[in-house]
Amino acid sequence: MNPWQTLRVALRALARNKLRSVLTALGIIIGVAAVIAMVAIGQGAKAKVEQAFAGMGTNLLIVMSGSTTAGGAHGGFGSMPTLTWGDLKAIEDECPAVRYAAPALRTTGQILSKYQNWTTSITGTTPDYFRVRAWPVSAGRLFGGSELETGAKVLVMGQTVADQLYGRGASPVGRTVRVSGVPFDVIGVLARKGQSPMGFDYDDGVFTPETTYREKIQGGLANYISGVILVGAVSAGATIRAQAEIQGLLRERHHLPEGAADDFDIHNLSELASASEQGTRTLAALLASIAAVSLLVGGIGIMNIMLVSVTERTREIGLRMAIGARPRDVLAQFLAEALVLGIAGGAVGVALGTAAAVFLARRFDWPLSLSPAVAAVAVVFAGIVGAVFGLYPARKASRLDPIEALRYE
Amino acid sequence: MESASPILALEDVVKVYRLGDVEVRALRGITLSVGAGDFVAIMGASGSGKSTLMNIIGCLDRPTSGRYLLAGRDVAGLPKGRLAEVRNQTLGFVFQSFNLLPRTDALENVELPLIYAGVRARERRRRAAEALAQVGLGDRLHHRPNQLSGGQQQRVAIARALVSRPRLLLADEPTGNLDSRTSVEVMALLQALGRSGLTVLLVTHEADIARYAARVVVIRDGLVQSDERRAPEVAVPEVSA
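Protein chains in written order, with numbering that gives the first Met the number 0: chain A, 0 to 408; chain B, 0 to 240.
Possibly wrong hints are sitting among the right ones.
To be verified - Just so you have them, the derived chain A footprint on chain B, three or more residues with Cβ under 8 angstroms:
no., segment
1, 85 to 93
2, 113 to 121
What the hints assert, rightly or not - Simulated restraints on C-beta separations:
no., chain 1, residue 1, chain 2, residue 2, range
3, B, R27, A, I299, 45 to 51 angstroms
4, B, R180, A, T310, 34 to 40 angstroms
5, A, I383, B, S179, 54 to 60 angstroms
To be verified - Straight-line Cα separation of at most 20 angstroms, EDC-like style, residue types lysine to aspartate or glutamate; simulated pairs:
no., chain 1, residue 1, chain 2, residue 2
6, A, K395, B, D60
7, A, K45, A, E276
8, A, K113, A, D127
9, A, K215, A, E146
10, A, K192, A, D127
11, A, K152, A, D127
12, A, K192, A, D202
13, A, K192, A, D162
14, B, K79, A, E403
15, A, K215, A, E148
16, A, K17, B, E22
17, A, K88, A, E251
18, B, K79, A, D400
19, A, K47, A, D200
20, A, K17, B, E107
21, A, K45, A, D364
22, A, K215, A, D262
23, B, K79, A, D328
Since the hints were derived computationally from the structure, they do not count as laboratory data.
All C-beta atoms in this analysis are idealised placements derived from N, C-alpha and C, irrespective of residue type, glycine included.
Please take these sequences and the hints and turn them into a complete structure.
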């Protein structure tokens, strides 16, 4: 018999006993369905967390200036300006792992439209800032290099500010607002970015060119950056390298002797992301162990029912041998039956698990991530489990004596 | 009057079973030759060794000693897998309890030996339908065993035995589960097959059934007690209403 005929014989035998076939595969079906549903929801949760971190910016490092120390009281990072515009330029030019570096000069102030006012954060920066944070406009445009050079009185606002000043749905692009009594043209509204993992609203803020900010809003301390430098590394894997390069560069530029503490601080947000990744990995290990246990139980179910089936079908086996089935034909048939049960059980389990995941995701508004690779692996594994646990019953069937088997009542 | 080319020839066949310490000599030296086209009944009480003889002739069992030539080929020492091929290609089996696969229609039941012979599906179906027509069930191809009478079920089983075009048909108490009228029908069918040239070996303990055979071999205590040839009675089935 060729494999195709063996498969057809196995399929017919299974079809002859539909209820038993379904019950045999039930363990596999439930196990695979549970795993598929949990993986889909777990992946969805992971994707949501990753999205939240991506919202802060891709491959992001934040360089802050050092702390003041007055009478033994440390003022905290950023309280003493130590970062210069020269430092910013050096970071941009001399660190190979750095793609973008943008200043973020920040204060809080009142924005006045014709009818409304809103107090929010005001950030002076360069166009690179929006690249580091992967933040496009939803209307209008960002400011460009020429506006940065001339210190143009232009402003890009977050969606929350736009909503507060002009109401939902209205476009503020082309209107004029006043900041500290200075009129600014609104040239763009940023796409909604949502909230940080800690609940901070990214969309509640306005942005102007840093030159304009320094001239019209801040004043004083022109050599130092009164804020932070946002750095985008060339890739997610390069953040550690970028951090080391910047640290070395700044220590040299600030003439810090060996052993002296840094007068600046570098925050690596990818560290936070990797912590969350650790949690995801733990979850994945848990899922894998549940999958292993449920497939084991499903496999034992297949072996159990296959053994019963071999006993119950003893006469059928005897007849098949009498009319010309060789022991290996019988072995192949029962193995094929177990394999089909495993694969079909796996496929049905994937379908049920997907349906359950979609239902739960809709019902409770959870994020969902369906992966064809996971489904394929589940089906292949279920098939392997079926074949492994079907081997013993199949051997038992193939070793029956046709005379005894035909006489079996 | 033995035929010049025997389809089966047993020479001093001995079969010994070991049941724990006890040796059971089921066959104690059987010599038997059956010519092509013969219709032989093997009779014997239970325990006479006729079932053991049947199993050896049917290549389901191997003799402890002696020679067995089936269609000119020595099959006494063949391994299990080869014996299966011999059963598939040279022999046809008919059992007392039909042994049809349940929930499987007549056509599929009859196709079964051809699957193990590696015949392609289309050819299988054609030959199975042909065999069913030969036993008079051409209009019952898609009936399942539970939709057929006992006599019809046995005819499906005969079709299954015929479909691989065997040299020898082995019928083990083929009428054991049938009433007398249906028994005559089945015997008429076997006689018709015999007339068309097929060698039929019938195992039975009923003299009523054995009288349809042209030759009766009686086994007793593992030996051939008598071997007679006589004019067989012709089975005439009653015309059913």
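A quick look at each hint next to the structure:
no.: 1; hint: 85 to 93; verdict: holds (count 4)
no.: 2; hint: 113 to 121; verdict: holds (count 4)
no.: 3; hint: R27/B with I299/A: 45 to 51 angstroms; verdict: holds (49 angstroms)
no.: 4; hint: R180/B with T310/A: 34 to 40 angstroms; verdict: holds (36 angstroms)
no.: 5; hint: I383/A with S179/B: 54 to 60 angstroms; verdict: holds (56 angstroms)
no.: 6; hint: K395/A with D60/B; verdict: holds (19 angstroms)
no.: 7; hint: K45/A with E276/A; verdict: holds (8 angstroms)
no.: 8; hint: K113/A with D127/A; verdict: violated (31 angstroms)
no.: 9; hint: K215/A with E146/A; verdict: holds (14 angstroms)
no.: 10; hint: K192/A with D127/A; verdict: holds (17 angstroms)
no.: 11; hint: K152/A with D127/A; verdict: holds (18 angstroms)
no.: 12; hint: K192/A with D202/A; verdict: holds (6 angstroms)
no.: 13; hint: K192/A with D162/A; verdict: holds (14 angstroms)
no.: 14; hint: K79/B with E403/A; verdict: holds (15 angstroms)
no.: 15; hint: K215/A with E148/A; verdict: holds (14 angstroms)
no.: 16; hint: K17/A with E22/B; verdict: violated (46 angstroms)
no.: 17; hint: K88/A with E251/A; verdict: holds (14 angstroms)
no.: 18; hint: K79/B with D400/A; verdict: holds (10 angstroms)
no.: 19; hint: K47/A with D200/A; verdict: holds (16 angstroms)
no.: 20; hint: K17/A with E107/B; verdict: holds (18 angstroms)
no.: 21; hint: K45/A with D364/A; verdict: holds (15 angstroms)
no.: 22; hint: K215/A with D262/A; verdict: violated (29 angstroms)
no.: 23; hint: K79/B with D328/A; verdict: holds (12 angstroms)
Hints 8, 16, 22 from the earlier list are contradicted by this structure; the remaining hints agree with it.
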